[in-house]
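2 protein chains.
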Amino acid sequence: MKESGRKQGASSPCAACKLLRRRCAQDCVFAPYFPADEPQKFANVHKVFGASNINKMLQELPLHQRGDAVSSMVYEANARVRDPVYGCVGAISSLQQQIDALQTQLAMAQAEVVHLRQFN
Amino acid sequence: MKESGRKQGASSPCAACKLLRRRCAQDCVFAPYFPADEPQKFANVHKVFGASNINKMLQELPLHQRGDAVSSMVYEANARVRDPVYGCVGAISSLQQQIDALQTQLAMAQAEVVHLRQFN
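Chains as they are written, first to last, in my numbering: chain A, 1156 to 1275; chain B, 1156 to 1275.
Since the hints were derived computationally from the structure, they do not count as laboratory data. Treat the hints with caution; some may be incorrect.
Result set (BS3-like, lysine-lysine): computed pairs, CA atoms no more than 30 Å apart in a straight line [as the list claims (entries may be wrong)]: (1) K1202(A) / K1173(B); (2) K1196(A) / K1202(B); (3) K1173(A) / K1202(A); (4) K1196(B) / K1211(B); (5) K1211(B) / K1173(A); (6) K1196(A) / K1211(A); (7) K1211(A) / K1173(A); (8) K1196(B) / K1173(B); (9) K1173(B) / K1196(A); (10) K1211(A) / K1211(B); (11) K1173(A) / K1173(B); (12) K1173(A) / K1196(B); (13) K1196(A) / K1173(A); (14) K1196(B) / K1211(A); (15) K1202(B) / K1173(B); (16) K1196(A) / K1196(B); (17) K1202(B) / K1211(A); (18) K1173(B) / K1211(B); (19) K1173(A) / K1202(B); (20) K1211(B) / K1196(A); (21) K1196(B) / K1202(A).
If we strip away everything but chain A, and leave its shape as in the complex, we get:
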């Protein structure tokens, strides 16, 4: 049985095992999520979280949640590599500012609706 991460045949290690220079076992926890043809995907999560922490976090989750956990870790890691000071917390601040601006605009529009209805 080949995991989905083994796109180049059973003897080809996944991107994680290749970077860590270790044998990619049949039951490798990384292989289904880090295919050999996407080396940067693992490189960034390894740089930010460390292979050992990712391994531990994945082992603590049921199989059906691991794909989502990897996606969110890859997103966070890429954000941290792009912005080493704020990472994806920078995106959160920016979204919160957008929400504040939209709430102000909405309150103004709703006040105008109330005002215009008085004269109709």
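Please arrange chain B on chain A, whose structure you already have, making use of the hints.
Only chain B this time, still in chain A's reference frame:
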């Protein structure tokens, strides 16, 4: 010279060195940000990012940006401990949904303003 993290005297290690069971040097990179009286703050970033990665990330930043980097890493780590599958990417999705809802409400209110003005 005591760093701000050494609140319990020069001989007391910062929360990071205490957890890592090592001597807290005068120039410890963690001490200014991880005081001994907030052990959970370091425990979570260590669990998620690993002490070695945090050390590397801080060393790569100028001193004046390290406080913000630690705050954002603590925020991310706490979010990941609370929600091991989505971490703070869950907050990003939820904020984006709020933005979509506000934009819809705003468009409706603005359309109503245009409609009401036609009859004034």
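Subject >> Numbers of the earlier hints that this structure fails to satisfy, in rising order >> reply: Checked against the structure, the hints that fail are numbers 9, 11, 12, while the rest are satisfied.
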